[in-house]
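Student: As a plain string of letters, each chain reads:
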Amino acid sequence: QPHAGARGVAMASHRTRSGGRGNPEHAGNAAWLATEKVNAELFTLTYGALVMQVMRDCEDCVEEVNKRLDKMGVSIGSRLIEDFLAKTNTTQRCASFKETCEVVALVGLKMFLGLTCVVTNWSLENTECDILFEHLNPFCEFVELPDRFVQDDLKYCQLLCGVVRGALLAIGTKTECEFVSDKLKGDETFVMHMKFLGNVEDEYPFED
Amino acid sequence: DARHAGAMSRQGQPTNIVDRPLPKGKSEVSLSAFSFLFSELVQYHRTRASSIAELEQKLSEAGEGVGSRMLEVLAYRDKSNRREIRLQGILQFINTNVWRCLFGKVADSLEIYNDDEYVLGDKSLVVNRYISVPKDFGDLNCGAFAAGVVKGVLVDAGFPAEVSAYYAEVDGQRLPKTNILMKFAPEVMEREKRLGGA
Chain B
2 QPHAGARGVA
12 MASHRTRSGG
22 RGNPEHAGNA
32 AWLATEKVNA
42 ELFTLTYGAL
52 VMQVMRDCED
62 CVEEVNKRLD
72 KMGVSIGSRL
82 IEDFLAKTNT
92 TQRCASFKET
102 CEVVALVGLK
112 MFLGLTCVVT
122 NWSLENTECD
132 ILFEHLNPFC
142 EFVELPDRFV
152 QDDLKYCQLL
162 CGVVRGALLA
172 IGTKTECEFV
182 SDKLKGDETF
192 VMHMKFLGNV
202 EDEYPFED
Chain E
50 DARHAGAMSR
60 QGQPTNIVDR
70 PLPKGKSEVS
80 LSAFSFLFSE
90 LVQYHRTRAS
100 SIAELEQKLS
110 EAGEGVGSRM
120 LEVLAYRDKS
130 NRREIRLQGI
140 LQFINTNVWR
150 CLFGKVADSL
160 EIYNDDEYVL
170 GDKSLVVNRY
180 ISVPKDFGDL
190 NCGAFAAGVV
200 KGVLVDAGFP
210 AEVSAYYAEV
220 DGQRLPKTNI
230 LMKFAPEVME
240 REKRLGGA
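Sequence order for the protein chains is B and E.
Oh and the first sequence: position 56 is 57 in my numbering, straight run, nothing missing.
Oh and the second sequence: position 28 is 77 in my numbering, straight run, nothing missing.
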């Protein structure tokens with residue numbers, strides 16, 4: 002059947018691209034299907050409540066709020082990585098930063114948040130890239146930022162950046178992770194920029 | 050283009066939120082994602098609260114924000130455009146619509162304790178399922194968040210009440226069930242009498 006054939010070809014090329022480690026898109030979809038799920042709106046409204054409370058506690062100081070959301074994200078990321086490794090049966094370290102980002106975007110963001118993302122815009126040395134989001138609804142549905150918070154650059158989704166950074170740091174990869182395009186601020190799309198900073202060898206949890 | 054001004058975002062301006070269609074509410078995230086988020090919410094307040102009671106109060110406040118918005122979304126989505134003005138009506142609304150939307154199922158039980166006190170029961174509240182409370186937290190009940198959700202709905206629907214959560218041991222069950230106690234303000238009970246029977 003031509004349809005199955007086309008699918009087969011597409012999957013084969015994915016496999017080659019990721020260097021034979023297995024198809025991350027396939028892994029992400031499988032993990033998402035297998036995981037227990039809850040209504041996204043529960044997540045969205047709870048996140049909103051969290052941001053509101055942090056804002057109140059920081060007396061609307063945007064810089065403090067951004068820092069706090071990031072810190073909370075890092076805290077989550079450092080615990081979430083265990084869950085990720087267990088659920089994906091991961092035993093091997095990623096061979097490159099390129100592979101790491103693909104796993105973050107295609108497996109991680111998929112299995113936890115159901116998001117379909119694309120990794121693109123690689124720098125010449127493959128140390129920087131962009132993760133494109135189709136949408137960021139689990140965080141941003143129902144959200145509209147008042148003008149003054151757009152102007153003061155409130156990073157509403159900063160928690161997610163913290164999670165990615167914290168998770169990668171826990172397995173020894175130091176990164177920078179920022180939204181460079183934010184729909185809540187009037188941009189067309191959400192784009193997360195990833196930058197590789199270095200390895201932290203003594204935190205390598207795998208057996209060689 | 051003036052014709053498209055309502056539908057398209059202006060250059061550099063986010064689309065006005067009320068111009069966008071309301072989502073159908075069918076999308077999902079993993080339970081893990083919610084558990085991690087909720088657990089961080091608890092952690093955040095734990096470091097700032099000076100007592101378990103204060104921590105539960107903060108969780109309840111967070112829940113109220115969720116409840117009051119859930120009421121708006123669900124009321125808008127409800128095709129019959131019905132507004133509950135009777136106590137039984139709003140209790141059923143919470144028991145079925147709100148619970149089903151947020152937790153994927155209806156609550157396990159809804160009972161009357163006194164004229165002005167009702168109790169909603171749930172054996173496996175998602176906020177209590179994957180949260181293990183360390184010993185120094187004492188009697189913390191993350192059901193306080195769910196109690197807040199209920200309070201948010203009740204208050205915004207015009208049924209002011211004090212709402213709290215507590216555990217109740219259940220015979221033959223290892224884990225206790227979470228009970229949400231609602232004590233309605235006198236004006237609610239008076240209004241019920243006026244409208245015809247409590």
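Accuracy of the hints is not assured; some may be wrong.
Pair ranges (Cβ atoms, derived) [said to hold, decoys possible]:
| hint | chain 1 | residue 1 | chain 2 | residue 2 | range |
| --- | --- | --- | --- | --- | --- |
| 1 | B | Gln152 | E | Gly207 | 32 to 42 Å |
| 2 | E | Tyr215 | B | Val181 | 42 to 52 Å |
| 3 | E | Ile161 | B | Glu189 | 48 to 58 Å |
| 4 | B | Lys72 | E | Gln106 | 40 to 50 Å |
| 5 | B | Gln152 | E | Glu160 | 50 to 60 Å |
| 6 | B | Thr92 | E | Asp220 | 37 to 47 Å |
| 7 | B | Cys59 | E | Ser173 | 48 to 58 Å |
| 8 | B | Glu126 | E | Val155 | 49 to 59 Å |
| 9 | B | Glu202 | E | Pro72 | 18 to 28 Å |
| 10 | B | His194 | E | Gly74 | 24 to 34 Å |
| 11 | E | Gly74 | B | Cys59 | 35 to 45 Å |
| 12 | E | Leu224 | B | Glu202 | 52 to 62 Å |
Taking lysine-lysine pairs in the DSBU-like style, the calculated list, with each CA pair at most 30 Å apart, reads [stated by the list, open to error]:
| hint | chain 1 | residue 1 | chain 2 | residue 2 |
| --- | --- | --- | --- | --- |
| 13 | B | Lys88 | E | Lys232 |
| 14 | E | Lys154 | B | Lys38 |
| 15 | E | Lys172 | E | Lys232 |
| 16 | B | Lys99 | E | Lys128 |
| 17 | E | Lys75 | B | Lys186 |
| 18 | B | Lys88 | E | Lys128 |
| 19 | B | Lys38 | E | Lys242 |
| 20 | E | Lys75 | B | Lys88 |
| 21 | B | Lys186 | B | Lys72 |
Just so you know, the hints here were simulated from the structure itself, not pulled from any lab data.
Quantities reported herein were computed from a predicted structural model and do not represent experimental measurements.
Glycine included, each C-beta is placed from N, C-alpha and C at the ideal position.
Student: Hint by hint, say whether it matches the structure.
Tutor: Hint check results:
1. Checked against the hint of 32 to 42 Å, the C-beta distance between Gln152 (chain B) and Gly207 (chain E) comes to roughly 37 Å, which is consistent with it.
2. Look at Tyr215 (chain E) against Val181 (chain B): about 47 Å separates their beta carbons, and that is inside 42 to 52 Å.
3. Range check, Ile161 (chain E) to Glu189 (chain B): Cβ separation about 54 Å, and the 48 to 58 Å hint holds.
4. Taking the beta carbon of each, Lys72 (chain B) and Gln106 (chain E) are about 23 Å apart, not inside 40 to 50 Å as hinted.
5. About 51 Å separates the C-beta atoms of Gln152 (chain B) and Glu160 (chain E), a value consistent with the hinted range of 50 to 60 Å.
6. Between Thr92 (chain B) and Asp220 (chain E) the Cβ separation comes to about 45 Å, which falls inside the hinted range of 37 to 47 Å.
7. Taking the beta carbon of each, Cys59 (chain B) and Ser173 (chain E) are about 35 Å apart, not inside 48 to 58 Å as hinted.
8. For Glu126 (chain B) and Val155 (chain E), the hinted distance range of 49 to 59 Å is satisfied, since their beta carbons lie about 56 Å from each other.
9. Checking the proposed 18 to 28 Å range against Glu202 (chain B) and Pro72 (chain E) shows it is violated: the Cβ atoms sit about 45 Å from each other.
10. With their beta carbons about 31 Å apart, His194 (chain B) and Gly74 (chain E) fall inside the hinted range of 24 to 34 Å.
11. The hinted range of 35 to 45 Å is not satisfied by Gly74 (chain E) and Cys59 (chain B), whose Cβ atoms lie roughly 31 Å apart.
12. The hinted range of 52 to 62 Å is not satisfied by Leu224 (chain E) and Glu202 (chain B), whose Cβ atoms lie roughly 43 Å apart.
13. Taking the CA atoms of Lys88 (chain B) and Lys232 (chain E), the gap is about 43 Å. The hint is violated against a cut of 30 Å.
14. Of the pairs offered as hints, the one joining Lys154 (chain E) and Lys38 (chain B) holds, with about 13 Å between alpha carbons and a cut-off of 30 Å not exceeded.
15. For the suggested pair Lys172 (chain E) and Lys232 (chain E), the alpha carbons sit about 21 Å apart, so the restraint of at most 30 Å is met.
16. This hinted pair does not check out: Lys99 (chain B) and Lys128 (chain E) have alpha carbons roughly 48 Å apart, beyond 30 Å.
17. Between Lys75 (chain E) and Lys186 (chain B), the direct Cα distance comes to roughly 26 Å. Compliance with the 30 Å bound is thereby established for this hinted pair.
18. As the CA atoms of Lys88 (chain B) and Lys128 (chain E) are separated by approximately 40 Å, the hinted pair breaks the 30 Å bound.
19. With a C-alpha separation of about 42 Å, the suggested pairing of Lys38 (chain B) with Lys242 (chain E) is violated against the 30 Å cut-off.
20. For the given pair, Lys75 (chain E) sits about 24 Å from Lys88 (chain B) by alpha-carbon distance, which is consistent with the 30 Å threshold.
21. Taking the CA atoms of Lys186 (chain B) and Lys72 (chain B), the gap is about 22 Å. The hint holds against a cut of 30 Å.
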